[in-house]
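*Asks:* Sequence positions in the sequence shown follow the numbering used here and run 1 to 595.
Some hints could be false.
In silico lysine-lysine, DSS-like type, Cα no more than 30 Å apart, as pairs [said to hold, decoys possible]:
| id | residue 1 | residue 2 |
| --- | --- | --- |
| 1 | LYS390 | LYS454 |
| 2 | LYS290 | LYS524 |
| 3 | LYS549 | LYS524 |
| 4 | LYS289 | LYS437 |
| 5 | LYS413 | LYS393 |
| 6 | LYS524 | LYS191 |
| 7 | LYS488 | LYS284 |
| 8 | LYS289 | LYS524 |
| 9 | LYS191 | LYS545 |
Think of the hints as simulated: they come from the structure by calculation, not from any bench.
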Amino acid sequence: MEVHPSQDEPTGVKTIVSFYSNYLWNRFSTFLPSSDSKFLGQISNLFRQTARVSSSRRRHYIHLPLPSYTPESSLVVKESSVVYDVLEDIMEHIFVKLHSVEKNLQFWQSRAEGSNYRKLYFMIFERGPRAFVDGTVQLVQQCVVEGPSMQHLCQSASAYISERLAVLTTLRRVLATLLAEVYMEVDRCGKELVKDPEKSFPSLLVTINGLFSNLEASIGHLHAIRRTNSSVDGSYSFPLLFERLPEVNQEGSQWTECEIADAINLVNKNIQKLDSYLSLIVAKHQKPKKVTQYWIRYTCGAVGLSVCSMWLLRHSRLMGSPDIDNWICEAKDSAISFFNEHVEQPLLLIRDDLFETFRKRHKGVMEIEELQLTANSLHRMLMAFSEQTKGQKFPENASDQEMLEIVMARYEKELVNPIQNLLSGELARALLIQVQKLKLDIETAMLELDQILKANEINFAILAALPAFFLSLMLLMLVRAWFKQDTKAVGRGRIARCQRRLLLVEVEKRILQYQSFVDQGLEKESQCMFGLVLYSLDCLFHAVKRHAKETGEWQCLRQDIIDLGQPSLQTTYKLVVTSRMARVYECLLPSLKQP
1 MEVHPSQDEP TGVKTIVSFY SNYLWNRFST FLPSSDSKFL GQISNLFRQT
51 ARVSSSRRRH YIHLPLPSYT PESSLVVKES SVVYDVLEDI MEHIFVKLHS
101 VEKNLQFWQS RAEGSNYRKL YFMIFERGPR AFVDGTVQLV QQCVVEGPSM
151 QHLCQSASAY ISERLAVLTT LRRVLATLLA EVYMEVDRCG KELVKDPEKS
201 FPSLLVTING LFSNLEASIG HLHAIRRTNS SVDGSYSFPL LFERLPEVNQ
251 EGSQWTECEI ADAINLVNKN IQKLDSYLSL IVAKHQKPKK VTQYWIRYTC
301 GAVGLSVCSM WLLRHSRLMG SPDIDNWICE AKDSAISFFN EHVEQPLLLI
351 RDDLFETFRK RHKGVMEIEE LQLTANSLHR MLMAFSEQTK GQKFPENASD
401 QEMLEIVMAR YEKELVNPIQ NLLSGELARA LLIQVQKLKL DIETAMLELD
451 QILKANEINF AILAALPAFF LSLMLLMLVR AWFKQDTKAV GRGRIARCQR
501 RLLLVEVEKR ILQYQSFVDQ GLEKESQCMF GLVLYSLDCL FHAVKRHAKE
551 TGEWQCLRQD IIDLGQPSLQ TTYKLVVTSR MARVYECLLP SLKQP
């Protein structure tokens, strides 16, 4: 039997479709600008989702010169518009790339300042195995053709380094100029950005678009000026071409929110293009990696580790050898013995000597009572012999020395006939008296030695503990060096403190150079130097941040750093600020310990 569809089914389907279509439209319409929405209110989420997904994890750079900057006011600006986000994103990318360029530029400058033999060593031994083989072959060929002269190889090394210096110097100049232009533009229109971003932000976007155009003209054609015999691997795959803002009414009515959203997306795309282009160029001119520079050491270490592994495998249980187990047991016993002899026993002796001194003083190898008995016995023997020899009575307090002289005089006479006097004379008695005197001298010496040992018992215990003490001291120094991380400006040690002071000196020098260029009317050079001042301030900002927070100086020190970046402040005032920073703030004071 044929079943006809119910008339209620189409109605129910239409109801469900209408419900979900209205729901999806309502959700989609929340992302569209409405007629009563505030300026930039709806596009902030769009920009944050596309350009600043990881803004919560980003590194904070030196603050923009917005008027009356405080953390609270910055939060208000961020929540009300995306002006701060756009500028902060631009500053972040510029600082990141400028730091990368500066790091590689310092490496090549250090190589350029080295001697010819240092450059030759770098070309052969610090550029990897392939460069080692090529450099060795070239060196042998050069020696065969032109003799032992290495002038050609040194010239090629200088050209190799100078090419990278030229490109990286150009990149640093244009990036520093861009940083200074953005910073000065924000400083110029900062009040309007905070008070009325609806009117000032479009003009700022137009200015930023012009800055990108200038940047494109400065470095967009680096690939065209590349040398024909360049040592740079590969080629620049694409020129730098930024997108342009559309023709909008810049002087008439205000921009619509859609036009502002398009302009922000365009700025974001240009930033990504700049980032990709600079990453490519810096990667082709960057310094060799640590693995490449020290590949010989790593290779020798790997070979040594392989040989050691094979040797250990040969003496392990896997090969049926008990050598490693025996060595472990011996090492364990040696460690326990070392601990007992140089740690535990010396500490116990020191404790006993400190807390049980008087209880142990009467115990020794030789006591005073035994010595007194021997002395009294010798005195009686001397008196009896002297009275018998002289035939007179001696007093009880007679000197042992006088009576000993009588014994020795009699002893000398008896030695004239030693055999006869040994049997019937006084020779044997004189010998026994001398033996008793020798016993007394030995006991006296033993008593004095025992007293010396008791007096220096704690010293001997300390000497026994010295090996363990020095071992502990070495471990403590290693842990301290690791904890301080004393190789960079953010560390805690004397070298890190010196690096922070050098950063402050660099800021002061660049401020003076900037003022010199301004006085000479060199606009481009002054803008570039001001950008380098901002970069040095950013490095100082992050070098002192943690230490200043620990000492409670961060609020004042941060404000001083921000003041040094203000273009409108006089150079004399900035120099006063740098001098005060070097004298007042604890994290910038010189180290108390001298090298």
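*Asks:* So, for every hint listed, does it hold in this structure?
*Replies:* Evaluated hints:
1. With a C-alpha separation of about 45 Å, the suggested pairing of LYS390 with LYS454 is violated against the 30 Å cut-off.
2. As the CA atoms of LYS290 and LYS524 are separated by approximately 36 Å, the hinted pair breaks the 30 Å bound.
3. Pair hint LYS549 plus LYS524 does not hold up; C-alpha atoms about 37 Å apart against a cutoff of 30 Å.
4. As the CA atoms of LYS289 and LYS437 are separated by approximately 84 Å, the hinted pair breaks the 30 Å bound.
5. Note on LYS413 and LYS393: the hinted pairing holds, with a Cα-Cα distance of about 22 Å set against a maximum of 30 Å.
6. Distance check on the hinted pair: LYS524 and LYS191 sit about 26 Å apart at the alpha-carbon level, within 30 Å; holds.
7. A distance of roughly 26 Å separates the Cα atoms of LYS488 and LYS284; the hinted pair therefore holds under the 30 Å criterion.
8. Distance check on the hinted pair: LYS289 and LYS524 sit about 34 Å apart at the alpha-carbon level, beyond 30 Å; violated.
9. Restraint check: the Cα-Cα separation between LYS191 and LYS545 comes to about 27 Å, which is no more than 30 Å; the hinted pair holds.
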